[in-house]
Amino acid sequence: QFLAESLAITLLGMVFGSIVGWGASVLVGKFAKAPVVISWEPFALAVIFSLIVGLFFGIQPARRAARLKPVEALQ
73 QFLAESLAIT LLGMVFGSIV GWGASVLVGK FAKAPVVISW EPFALAVIFS LIVGLFFGIQ
133 PARRAARLKP VEALQ
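Numbering of the sequence shown is given in our numbering, commencing with residue 73 and proceeding in unit increments.
FYI, nobody ran anything at the bench for these hints, they're computed from the structure. Glycine included, C-beta positions come from ideal geometry on N, C-alpha and C. A couple of the hints might just be wrong.
To be verified - Label-pair distances were calculated between CB atoms; the ranges are:
#, residue 1, residue 2, range
1, LEU123, GLY95, 20 to 28 Å
2, ALA137, GLY85, 18 to 26 Å
3, PHE88, GLU113, 18 to 26 Å
4, GLY95, GLN73, 29 to 37 Å
5, GLU144, PHE103, 36 to 44 Å
Build out the structure end to end from the sequences listed, making use of the hints.
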C-alpha cells in the first residue's frame, strides 16, 4: 500500500510537471516568436526516469512502514 501511494504521488507529479512544462514551452515560444517542437523521445525518457526515481525512493519508506507493528506506529 505504501509503495502504491508513493507511485501514485510520482504519477501525479509527473503529469502535473509535464503539463506545466509543455505550457511553459508554448508560452516561451509565443513570446520568442519561435516554433515550439516537443520531441517524444526526451519526454519518454523523463517519464521513465521519474518512475524509476519514484520507485527507488518509495521502496525504503514502504519497507520500514511494513515492518512496524500497528501498536508501535500509534505511539
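| task | Mind listing which of the numbered hints don't hold for this structure, in increasing order? | result | 5
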